[in-house]
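Undergrad: What follows is the residue order along each chain.
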Amino acid sequence: MAAAIRVRDLAKRFGLLEALRGVDLEIGQGEFFALLGPNGAGKTTLISILAGLVRASAGEASVMGYDVVRQYREARRALGVVPQELVFDPFFTVRETLRFQSGYFGIRDNEAWIDALLHHLGLADKADTNMRRLSGGMKRRVLVAQALVHRPPVIILDEPTAGVDVELRQTLWGFIQDLNREGHTILLTTHYLEEAEQLCERVAMLKDGRIVALDRTENLLRGEAEHRLELRLSPPALPESLRPRLLQEEDGVFHLRLADYGELEPVLAELRRCGARVEGLCVSQPDLEEVFVRIMRGAA
Amino acid sequence: MTGFLTLFHKEILRFRKVMLQTVGAPILTALLYLLIFSHVLEAHVQVYPGVSYTAFLMPGLIMMSVLQNAFANGSSSLIQSKISGNIVFFLLAPLSYLEFFLAYLFAAMVRGLVVGLGVAVVGAFFTELRIEHPLWILAFALASSAVFGCVGIIAGIWAEKFDQLAGVQNFAIVPLTFLSGVFYSIHSLPAFWQAVSHYNPVFYMIDGFRYGFFGVSDVDPWHALAVVLPCLAVLAGATLHLLGAGYKLRH
Ligand SMILES: Nc1ncnc2c1ncn2[C@@H]1O[C@H](COP(=O)(O)OP(=O)(O)OP(=O)(O)O)[C@@H](O)[C@H]1O
Ligand SMILES: [Mg+2]
Chain A
1 MAAAIRVRDL AKRFGLLEAL RGVDLEIGQG EFFALLGPNG AGKTTLISIL
51 AGLVRASAGE ASVMGYDVVR QYREARRALG VVPQELVFDP FFTVRETLRF
101 QSGYFGIRDN EAWIDALLHH LGLADKADTN MRRLSGGMKR RVLVAQALVH
151 RPPVIILDEP TAGVDVELRQ TLWGFIQDLN REGHTILLTT HYLEEAEQLC
201 ERVAMLKDGR IVALDRTENL LRGEAEHRLE LRLSPPALPE SLRPRLLQEE
251 DGVFHLRLAD YGELEPVLAE LRRCGARVEG LCVSQPDLEE VFVRIMRGAA
Chain Y
1 MTGFLTLFHK EILRFRKVML QTVGAPILTA LLYLLIFSHV LEAHVQVYPG
51 VSYTAFLMPG LIMMSVLQNA FANGSSSLIQ SKISGNIVFF LLAPLSYLEF
101 FLAYLFAAMV RGLVVGLGVA VVGAFFTELR IEHPLWILAF ALASSAVFGC
151 VGIIAGIWAE KFDQLAGVQN FAIVPLTFLS GVFYSIHSLP AFWQAVSHYN
201 PVFYMIDGFR YGFFGVSDVD PWHALAVVLP CLAVLAGATL HLLGAGYKLR
251 H
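So the protein lines, in turn, are chains A and Y.
Residue numbering for the first sequence is 1 to 300, as defined by the numbering used here.
Residue numbering for the second sequence is 1 to 251, as defined by the numbering used here.
Isolated chain A (complex conformation):
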């Protein structure tokens, strides 16, 4: 089975600037994949090469096994891209926009699917509104619908939730997750790392045009420092035996290091043994944001 997305030794120069410096990446069919990285890391450039909007300086890229340059028609048919920029054609209504997009992909009568897309993205009552009159978030929804008119097996979303309200974010991700369950491959970029953490099985982190981390999300999180246990005690004193775990003490709250949840029970037993009563307790897990920050710092 061909990889949904395959990129080999991909490089892109804009004049003197090296936007991509030898990227290798393979995303399997049906994966939900996050491409993360700071501003200017090269995420959009990589996506644009896959979409045929930008020509690579070196290396190759393919979508569902089709080379994006030599077999551009097949590759583009297999790919739906939600661009990062909010673009629209002010001459047309939402429905016209979607009809034209279907037509560009060679699909003649697409009304049923267009209606379904409008419904899923909460645009049904805006179908005949001119694009100019939509709010920013609604324009973004139309971009998502446009990327899906031809039911592409591979869907790329370049920061689809930038400037989008909580409700749409949830409906959008619900919809995208359904598509993923039906077998569509999803590649997304986002600066909201908790989104990536919740949704994506695998994560690649890009910095200065290089991949600096690539792993399953849970592995990245596991590699991260321990959990953190926050305790409020009465009396407000930490038993001496727990001192080695202390990370910091703040307003009578003790922050303790935990390797994993398994260590919670022994810590509580020790507190009980020393007669300390727990008045407040909170365990925080490492999150992707911490991993991201550490990796970006390390890769500097």
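These are calculated hints, taken from the structure and not from any lab test.
A quick note: this is a predicted structure, and the numbers were derived from the prediction, not measured.
Careful, some of the hints might be misleading.
[Unchecked claim] Label pairs and their computed distance ranges (CB to CB):
no.	chain 1	residue 1	chain 2	residue 2	range
1	Y	A25	A	E289	35 to 41 Å
2	A	N130	Y	L102	24 to 30 Å
3	Y	A166	A	E289	46 to 52 Å
4	Y	Y48	A	D128	51 to 57 Å
5	A	S57	Y	A25	42 to 48 Å
6	A	G28	Y	K17	52 to 58 Å
7	Y	A195	A	S57	46 to 52 Å
8	Y	D220	A	F14	40 to 46 Å
9	Y	K17	A	Q170	34 to 40 Å
10	Y	E160	A	N130	36 to 42 Å
11	A	T129	Y	W158	31 to 37 Å
12	Y	A195	A	F14	44 to 50 Å
13	A	N219	Y	A166	31 to 37 Å
[As the list claims (entries may be wrong)] Simulated pairs of lysine-lysine, DSS-like, Cα-Cα distance not exceeding 25 Å:
no.	chain 1	residue 1	chain 2	residue 2
14	Y	K17	Y	K161
15	Y	K82	Y	K17
16	A	K207	Y	K17
17	Y	K248	Y	K82
18	A	K126	Y	K248
19	A	K126	A	K139
20	Y	K82	Y	K161
21	A	K126	Y	K161
Yeah, the Cβ is synthetic: ideal placement off N, Cα and C, and Gly gets one too.
Chain Y with the ligands: place on chain A using the hints.
TA: Frame of chain A; chain Y with the ligands shown alone:
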């Protein structure tokens, strides 16, 4: 095929939705030229025997409108799409370069021909137009609108700002169309300028077109066609090449 038809339809709809600017305004402009020039020159100039100056002027004005609007359609549509960014919608689609090219070209020709027809219809109220050879009229209208459609597409691909496009319009398209015998026969020019005019392809477009109406012209219509068609072939080839190479569209 559906891809091409959709893009073509979109391009037609784009100028139809703003007919007043894209069709009405150029017809009005041509009408103003007709009124002013014919008023000033009608009594003084007769180019061909038996053809009034106003009648002589009509084919030139029609052709000028066809050319300028065929140019304007593709170029303004492309630059708008580039600047607003919505050009990605069809760059992302599996359209072939040929489909892309033909859709823009045919839409440009339609716009040029619609405006030209409009000028002819309005002009018919002011002067009687003979039609000696309708096939020549058709041939030159089609070939010439296609030539300027190509030029418009190339300019639209190349330009990054509206003022660059206005530059092409003002420094190339307008002079080429004005200095081509729209308002006069080049035989009335001094020998030097007559010779120069023979290097202006637009001169042949207008001359051949005029032959279709009056059956007289400065050069033989076959000769004119033999200039216009190679121009079209070269420009169409160049446009396709630019699209294929992704020049300024795919970085
Ligand atoms: N068309 C272009 N011409 C010149 N430089 C470009 C072009 N497109 C991108 N770049 C440069 O390439 C680098 C990578 O840009 P890219 O848009 O891929 O970053 P990104 O990871 O998508 O960032 P963001 O999170 O801000 O969207 C940047 O330094 C950018 O300035
Ligand atoms: Mg980006």
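Undergrad: May I ask which of the numbered hints given earlier this structure violates, with the numbers listed in increasing order?
TA: 1, 6, 8, 10, 13, 16, 18 and 21
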